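Chemist: Sequence:
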Amino acid sequence: MTWKKIIGQERVKNLLQKAIHENKIPHAYCFWGQEGIGKDALAIEFARVVNCRSPIRTGAGIEACENCHSCKSSHSLQHRNIHIIFSMPTGKSGDTKKDTVLEKLTEEQVEEYYEQIKLKSENPYHKIIMSNANQIRIASIRELKKRLVLTSSGEGRVCVIVSRADEMTTEAANAFLKTLEEPHENVTIIITTSRQDVILPTILSRCQQVRCEPLSDSDIAQALQDRNNVTQQEAILISAFAQGSYTRAVEFLGEAMQEMRENAIEFLRSMLKKKVYRVEVASHIEQLTKKHDRRETELILSMLLLWMRDVSNFSMTGKKDKIINIDKYDILQKFTVGYPNKDYFQAIEMLEKSINQLRKNVAPQLVLMRTVLDLRRLFLFSQNN
Numbered sequence: 001m002t003w004k005k006i007i008g009q010e011r012v013k014n015l016l017q018k019a020i021h022e023n024k025i026p027h028a029y030c031f032w033g034q035e036g037i038g039k040d041a042l043a044i045e046f047a048r049v050v051n052c053r054s055p056i057r058t059g060a061g062i063e064a065c066e067n068c069h070s071c072k073s074s075h076s077l078q079h080r081n082i083h084i085i086f087s088m089p090t091g092k093s094g095d096t097k098k099d100t101v102l103e104k105l106t107e108e109q110v111e112e113y114y115e116q117i118k119l120k121s122e123n124p125y126h127k128i129i130m131s132n133a134n135q136i137r138i139a140s141i142r143e144l145k146k147r148l149v150l151t152s153s154g155e156g157r158v159c160v161i162v163s164r165a166d167e168m169t170t171e172a173a174n175a176f177l178k179t180l181e182e183p184h185e186n187v188t189i190i191i192t193t194s195r196q197d198v199i200l201p202t203i204l205s206r207c208q209q210v211r212c213e214p215l216s217d218s219d220i221a222q223a224l225q226d227r228n229n230v231t232q233q234e235a236i237l238i239s240a241f242a243q244g245s246y247t248r249a250v251e252f253l254g255e256a257m258q259e260m261r262e263n264a265i266e267f268l269r270s271m272l273k274k275k276v277y278r279v280e281v282a283s284h285i286e287q288l289t290k291k292h293d294r295r296e297t298e299l300i301l302s303m304l305l306l307w308m309r310d311v312s313n314f315s316m317t318g319k320k321d322k323i324i325n326i327d328k329y330d331i332l333q334k335f336t337v338g339y340p341n342k343d344y345f346q347a348i349e350m351l352e353k354s355i356n357q358l359r360k361n362v363a364p365q366l367v368l369m370r371t372v373l374d375l376r377r378l379f380l381f382s383q384n385n
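Mapping of the sequence shown onto the working numbering: position 138 corresponds to residue 138, and the numbering continues sequentially without gaps.
The set of hints was computed from the structure by calculation and includes no laboratory data. Just to be clear, a hint being listed does not mean it is correct.
[Stated by the list, open to error] Straight line, CA to CA, 30 Å or less: simulated BS3-like cross-link-like pairs of lysine-lysine:
| no. | residue 1 | residue 2 |
| --- | --- | --- |
| 1 | Lys342 | Lys273 |
| 2 | Lys104 | Lys24 |
| 3 | Lys342 | Lys319 |
| 4 | Lys291 | Lys319 |
All values reported here derive from a predicted model rather than from experimental measurement.
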């Protein structure tokens, strides 16, 4: 991997390269921001570059050479100077000081551990998840302290990456704080988190905090085309729902997004029929709710929200360049002609409210019925109809 393979995050990439180039590397970083935007990817590439034996310098930039022994070791995340800490299961002997974290695991858990490391090395956007593990325990921090004593005097720079640091137990966090308070020479600790607010303020105060921004829709769409063999139109559609997260976008790849959009458009057509609409609308709602899949219901509402935003943009500008559903341009154009001078902003607010209600566990049937009634009132019975 190189910096170029990290999606977006140009500001952070430049900041890290500048620190390496000028040899002004802090003892600790906190990379924070929402999930799926490349915080771990940035940390891993930083660790690779600072340990490269023959880094390539270009102006203010610096890249790993990809060919030296250090780079080859870091590709598989088996480098002696690169350590990744994440939530682990308790293990067969519980939290004791005797064995290493891996020695306390069953054979199956050890296999799962190495499989997760392999997946992370192949795809730095992979979210490491071990079965029955949702906490970073003190055993991992104790082991870290021992490793720092043993390895900090060797070649290169020791880089410790604590992935999802917000999952540390209170005991582990307090022990980790002591590690930060006693920095080792030639060691950089990087914690990554999407929940900065739950990390001890004393830990954060000892880290240089680096905010990682949500990814742009265009960056996500391009990554989906380059990495996931997705068509341009499908990539554009998926990126609109990803909310700045590449991993969230990837989760949608298994969904029949085009089919869902067709269902959303048909649902809209049904609810806006002036007469004989009830049976058809009831059938749509039954189909949407019979699986008890709130996520799918939210996706349909989000499709409608995206449609209304396209309609609003087109009605104001008459231009195509900001339309997400560009392949449905003819239908969208007919919609604006059929419902001229409507308050599309109000429709957008209605749909946003419906999505928020769904997230607050309001019954999907009630949310959908309320949405139907609100949109019918706006488009069919408002005074400017």
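Chemist: If a hint holds in the structure, say so; if it doesn't, say that too.
Modeler: Structure-based check of all given hints:
{"no.": "1", "hint": "Lys342 to Lys273", "result": "holds, 16 Å"}
{"no.": "2", "hint": "Lys104 to Lys24", "result": "violated, 38 Å"}
{"no.": "3", "hint": "Lys342 to Lys319", "result": "holds, 18 Å"}
{"no.": "4", "hint": "Lys291 to Lys319", "result": "violated, 39 Å"}
Of the hints listed earlier, those the structure fails to meet are numbers 2 and 4, in rising order.
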